[in-house]
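Trainee: So the protein lines, in turn, are chains G and F. Just so we're aligned, residue 1 is where the first sequence starts under the working numbering, counting upward by one. Just so we're aligned, residue 1 is where the second sequence starts under the working numbering, counting upward by one.
By construction, these hints were calculated from the structure, which means they are not laboratory data. There could be a bad hint or two in this list.
[Stated by the list, open to error] Listed next, with one range per pair, are the computed distances between beta-carbon atoms: (1) F/124 with G/172: 38 to 46 Å; (2) F/124 with G/48: 38 to 46 Å; (3) G/24 with F/10: 28 to 36 Å; (4) F/158 with G/93: 45 to 53 Å; (5) G/182 with F/17: 41 to 49 Å; (6) G/24 with F/158: 23 to 31 Å; (7) G/20 with F/214: 31 to 39 Å; (8) F/8 with G/217: 45 to 53 Å.
[Claimed, not checked] If you want the ones that stay clear, here's a sample from chain F, every Cβ over 12 Å from chain G, calculated: (9) 2; (10) 129; (11) 133; (12) 137; (13) 197.
The beta carbon of each residue, even a glycine, is placed where N, CA and C say it ideally should be.
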Amino acid sequence: MNLFIAALVFIGETARDVLPIAVFLFVFQRLVIGEPMPHRGQIAIGFLFVVLGLGLFLVGLEESLFPLGRLMAEQLTNPEFLQSVTGKAGNLTWQDYYWVYLFASAIGFSTAMAEPALVAVALKANAVSGGAINVWGLRVAVAIGVGVGVSLGCYRIISGLPLHYFIVGCYLIVILQTAMAPKIIIPLAFDSGGVTTSTVTVPLITALGLGLAEAVPGRSPLLDGFGLVASAALFPIISVLAYGQLAEFFGKRSTSTPEPSAN
Amino acid sequence: MKESLLTLGKDALHSLRDLTPIVSVIVLFQLFVFRAPVSELLSLAYGGILVVAGLAFFIFGLRIALFPVGEGLAQSLAKKGSAFWLLAFAFALGFGTTIAEPALMAVTGEAAKIAAADAVIEASPEALRHYALLLRLTVALSVGVALVLGVLRIMFDWSLPLIIIGGYLLVSILTLFAPSDIVGIAYDSGGVTTSTVTVPLVTALGVGLASAMKGRNPMTDGFGLIAFASLTPILFVLIFGVVSQWS
Chain G
1 MNLFIAALVF
11 IGETARDVLP
21 IAVFLFVFQR
31 LVIGEPMPHR
41 GQIAIGFLFV
51 VLGLGLFLVG
61 LEESLFPLGR
71 LMAEQLTNPE
81 FLQSVTGKAG
91 NLTWQDYYWV
101 YLFASAIGFS
111 TAMAEPALVA
121 VALKANAVSG
131 GAINVWGLRV
141 AVAIGVGVGV
151 SLGCYRIISG
161 LPLHYFIVGC
171 YLIVILQTAM
181 APKIIIPLAF
191 DSGGVTTSTV
201 TVPLITALGL
211 GLAEAVPGRS
221 PLLDGFGLVA
231 SAALFPIISV
241 LAYGQLAEFF
251 GKRSTSTPEP
261 SAN
Chain F
1 MKESLLTLGK
11 DALHSLRDLT
21 PIVSVIVLFQ
31 LFVFRAPVSE
41 LLSLAYGGIL
51 VVAGLAFFIF
61 GLRIALFPVG
71 EGLAQSLAKK
81 GSAFWLLAFA
91 FALGFGTTIA
101 EPALMAVTGE
111 AAKIAAADAV
121 IEASPEALRH
131 YALLLRLTVA
141 LSVGVALVLG
151 VLRIMFDWSL
161 PLIIIGGYLL
171 VSILTLFAPS
181 DIVGIAYDSG
191 GVTTSTVTVP
201 LVTALGVGLA
211 SAMKGRNPMT
221 DGFGLIAFAS
231 LTPILFVLIF
241 GVVSQWS
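Excised from the complex, chain G in its bound form (with noise of 0.2 Å):
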């Protein structure tokens, strides 16, 4: 019961999101273009099934998936969990955490592997490029870049180094990236970081984050907490290159840019 009455919350929240969306995009059909919006119906519809969609999804790991997340990064950031793995009484040096490093790398992989935003624009890519692009491999792609980028990202935080470094760092790794990559795949790189960092991502990885910079001597929350997301934005434009480096260096037989068809 008490998840109904969730539910419900959830999809009213969502329709309140969505709603100023959707009469923005009608009035503007109807006033600027001068047309009705066409397909009404089908289209009214649609956001119906986008909103209940997303009210669903956010209940359901609002009510069961997070909460176990989050209790996972409070205990595996825990100084008595830690002590009990490691056997040591402080004084813990970064590799004592490797179930930190496990974990952000699983849970990163996971969230990305489920977010809804990554899932329209692998569709959208495979169906303009007349399926050069894999949805599955576009997806594992950048999954792979967002764990890693968590993993390393906490890393970071333990290891107290500037993130600036960090960041320009990986800037320079993609931009000698970007001169060897094949052309088709630049664009969609550069948008698969932003792309990733939405709603399953990143309320997961902030807490465990948080919780990281609580745990660590000298870390603090205010400040080191910050900038996982921002990892977690970056890998996935390195993963998502080498994917086409590699799909090119793979695929020698098919050089040729495949025209975009209707497939």
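Let chain G serve as the given structure and place chain F on it in line with the hints.
Mentor: Using the frame of chain G, we list chain F on its own:
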């Protein structure tokens, strides 16, 4: 009708597959790392069913509403040939969807607390609210500008890598001058702006525009709008930091 139901069913199966990694990570860590009994297994199953159904509904709505609307509008605007309305639409879409973004409100609230702790602003609730609102406006403005830039890029065929790399350089230089406590917030704000509803609309806008214009390839020219929307917030927030340091 029967076809749509079939698609919906297929989407549900796919969503089930997409959710498996999260559930396995949580269950495996519970069982093997914390050695705790999975007493919440039932609630986990409920939640899982809701997430799967939700994701399937969302993708279904995406296919029949968000994608066609975004592309239809982009194509009508391209046919109308009015650059003004196209750019106005892009700006309004970016600004409007970002200003109401819940994730952004959370981040700007945190940022105000940091600024107050560092005595950049007064610690009164009034000053906190004012600072958070200014920051939110800055980010929303930056996303509006990003989409305008992105549309201009498609119209004039500017090079995406050059602009993005130029942006990276600017970010690196601004980082040197910005107060250190805003750097983390700035970098993160690039990730939080693009929500689940905005991403499909913006993607459809770019792809629709690139397919409606002659000589543009939807694959190499249509994507890239989101890339701008995740870069400009970093720049604008860093500038915000530099400016608020002076005043």
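Trainee: Going through the earlier hints one by one, which of them does the structure break, listed in rising order?
Mentor: 5 and 13
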